[in-house]
Amino acid sequence: MSSGGLYRDKVLEHCREPKNYGVIEGADAISKGENKSCGDEVTIYLKVSGDRLTAVQFTSRSCAICRASASMLTELAKGKKVSEAEALDRTDVLNLFGGTIDPVRESCALLPLGAFKSALSELVKHHM
Amino acid sequence: MSELDPQEIRGDFPILERNINGKPLAFLDNAATSQKPKQVLEAIQDFYFRHNSNVLRSDNTLSFEASELYFSSRRKIASFIGAKEEEVVFTKGATDSLNALAVTLAGRYAKKGGRLITSILEHHSNLLPWRTMAKKNGGEIVVVRADRTWRIDIEKLEEELERGSELVTITHVSNVLGTINDVKEIARRAHKHGALVVLDSAQGVPHMPVDVGDMDVDFLAFSGHKMLGPTGIGVLFAKEKLLSSMEPWQMGGGMVKSVEPEGELLEDLPYRFEAGTPHVAGVVGLGAAVDYLKRLGMDSVRRHETDLVRHAFDVLHDDDIEIYGPREPDDVCGIVSFNVKGVHPHDVSSFLDQDGVMIRAGYHCAQPLVNSLGASAVARASFYVYNTPEEIDRLAASAGKAKGILS
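Chain order of the listed sequences is A and B.
Mapping of the first sequence onto the numbering used here: residues 1 to 128, in sequence order.
Mapping of the second sequence onto the numbering used here: residues 1 to 407, in sequence order.
Keep in mind the hints are simulated off the structure, nothing from the lab.
Wrong hints could be hidden among the right ones.
The list that follows gives simulated cross-link-like pairs (lysine-lysine, BS3-like), each with its CA atoms no further than 30 Å apart [as the list claims (entries may be wrong)]:
hint, chain 1, residue 1, chain 2, residue 2
1, A, K78, A, K10
2, A, K19, A, K80
3, A, K19, A, K81
4, A, K78, A, K125
5, B, K401, A, K10
6, B, K401, A, K19
7, B, K341, A, K32
8, B, K112, B, K135
9, A, K36, B, K341
10, B, K135, A, K36
11, A, K10, B, K403
12, A, K19, B, K341
13, A, K19, A, K32
14, B, K403, A, K32
15, A, K81, A, K32
16, B, K192, B, K112
17, B, K23, B, K403
18, A, K36, A, K47
19, B, K294, B, K38
20, B, K84, B, K192
21, A, K47, A, K81
22, A, K10, B, K23
23, A, K36, B, K136
24, B, K92, B, K241
25, B, K92, A, K36
26, A, K47, A, K10
27, A, K36, B, K401
28, B, K111, B, K135
29, B, K403, A, K19
30, A, K36, B, K403
31, B, K341, A, K10
32, B, K184, B, K76
Covered stretches of chain A, as calculated for chain B (at least 3 residues, CB under 8 Å) [said to hold, decoys possible]:
hint, region
33, 6-19
34, 36-42
35, 59-69
Computed from a prediction, not measured in an experiment: that's the story for all the values here.
Using N, Cα and C, we set each Cβ at its ideal position, and we do this for glycine too.
Build the full structure now, drawing on both the sequences and the hints.
So this is what it looks like as structure tokens:
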């Protein structure tokens, strides 16, 4: 496989050996995202200490793009202040794929971000 | 061997000369839309370059020419499906045709106590308009299941007809599995019980000989863009005696003979159902598409696609590939839906795209059917006159590669 295109080496690596995969027992916030049009599911778990995300993990039953996106997003978010994490947006996520996501696959790539944002809202509401 | 020569046909389709991601384009997404031959594009260009004017309105040479092109295209299109000119109404497409019918017929057939019979095989465009109208008017929608061959279960249909129904609205060909319903038998049974038959032939008319008289359906809908024609043009066929009793679903210019303070006198069939300036260029383009298909011969088109389906079944034999629907090529109309074990169909589709092979993945606007297959989504390859066995070989090779890399 070439290193370019949608399934570039980086994306395949994150898909095959995702970072931060697994449930956080005693998470401070949990949120599940679903894409009803294709059946993708991703759950994001957050652990916070003070105003900093000490752990960001996920579990998923999804396509490769959604899984890779969750893996890269959790890498990006882990260790950030909550306020910094709240500023992450769709452009940040799409940039992780180097601009290779076409409009039809955007919903796959952005599903983890939606779940992450919901988890952050829950966190802010109940723990901060 | 089929009689069509896809290599020769490909010469008429400029888009097929494209390379995608450095690979020759293999367009296997024809159930979504077809490509257009030069003959269709030139007919549309010639209309705008030389004959553009409004039709049936003005006393000038261009309007006469445009009107004549409009008439002659309608004659060709009507003859293509065995209908009379008066029975062919131009719409935006099959969806538009079915919505117009649902809106117009619901008051009578979907009122309280009314039961509309449809099937699990339907595209959303032949379910949602009726379901919405039934909800609004207090009627009931009955969804008949498929039998073991993934065609409408005719015995179940008969049971529902016995419970009472005045309207059966079904698909000709499943847009997911390619299975072909026994429309003639369905129409016979429906008529025996006094019910009318609406046929969604969006995947039928483009791919096989269709004769509305032989099938004896009362209404039929199809789209131009799936049969080499342009987007934005489609047909609603209705038997003359039914059409003449129907109310227009749109009012406006071009559909009345006179407007008096107390009312209006409607135009003859089919013009009273074509309010506003029609999509003349689209009609001309669809007429050219019909010329092209007639020259190939619809029997040959059907045989060619059956050969391609047979080839697909042969080369997609891997244990890791699950094919949905029947495995007898003669029972399938140019569509093969499948999944690669362990790989999401959207990934299969995107992966194939990188190899220049275009297919579609998802629900295919037929969520009840796809869910009944036990899948959350499926990958679908769909063929047409310009496709070759070599393109299907590339599909199989790329799917195998996707399995190796993504699962």
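We went through each hint and held it up to the structure:
no., hint, result
1, A:K78 - A:K10, "19 Å, holds"
2, A:K19 - A:K80, "16 Å, holds"
3, A:K19 - A:K81, "19 Å, holds"
4, A:K78 - A:K125, "19 Å, holds"
5, B:K401 - A:K10, "18 Å, holds"
6, B:K401 - A:K19, "24 Å, holds"
7, B:K341 - A:K32, "25 Å, holds"
8, B:K112 - B:K135, "9 Å, holds"
9, A:K36 - B:K341, "20 Å, holds"
10, B:K135 - A:K36, "24 Å, holds"
11, A:K10 - B:K403, "18 Å, holds"
12, A:K19 - B:K341, "24 Å, holds"
13, A:K19 - A:K32, "18 Å, holds"
14, B:K403 - A:K32, "28 Å, holds"
15, A:K81 - A:K32, "22 Å, holds"
16, B:K192 - B:K112, "23 Å, holds"
17, B:K23 - B:K403, "20 Å, holds"
18, A:K36 - A:K47, "27 Å, holds"
19, B:K294 - B:K38, "16 Å, holds"
20, B:K84 - B:K192, "24 Å, holds"
21, A:K47 - A:K81, "12 Å, holds"
22, A:K10 - B:K23, "23 Å, holds"
23, A:K36 - B:K136, "26 Å, holds"
24, B:K92 - B:K241, "23 Å, holds"
25, B:K92 - A:K36, "29 Å, holds"
26, A:K47 - A:K10, "26 Å, holds"
27, A:K36 - B:K401, "27 Å, holds"
28, B:K111 - B:K135, "9 Å, holds"
29, B:K403 - A:K19, "22 Å, holds"
30, A:K36 - B:K403, "24 Å, holds"
31, B:K341 - A:K10, "23 Å, holds"
32, B:K184 - B:K76, "24 Å, holds"
33, 6-19, "holds (count 4)"
34, 36-42, "holds (count 4)"
35, 59-69, "holds (count 4)"
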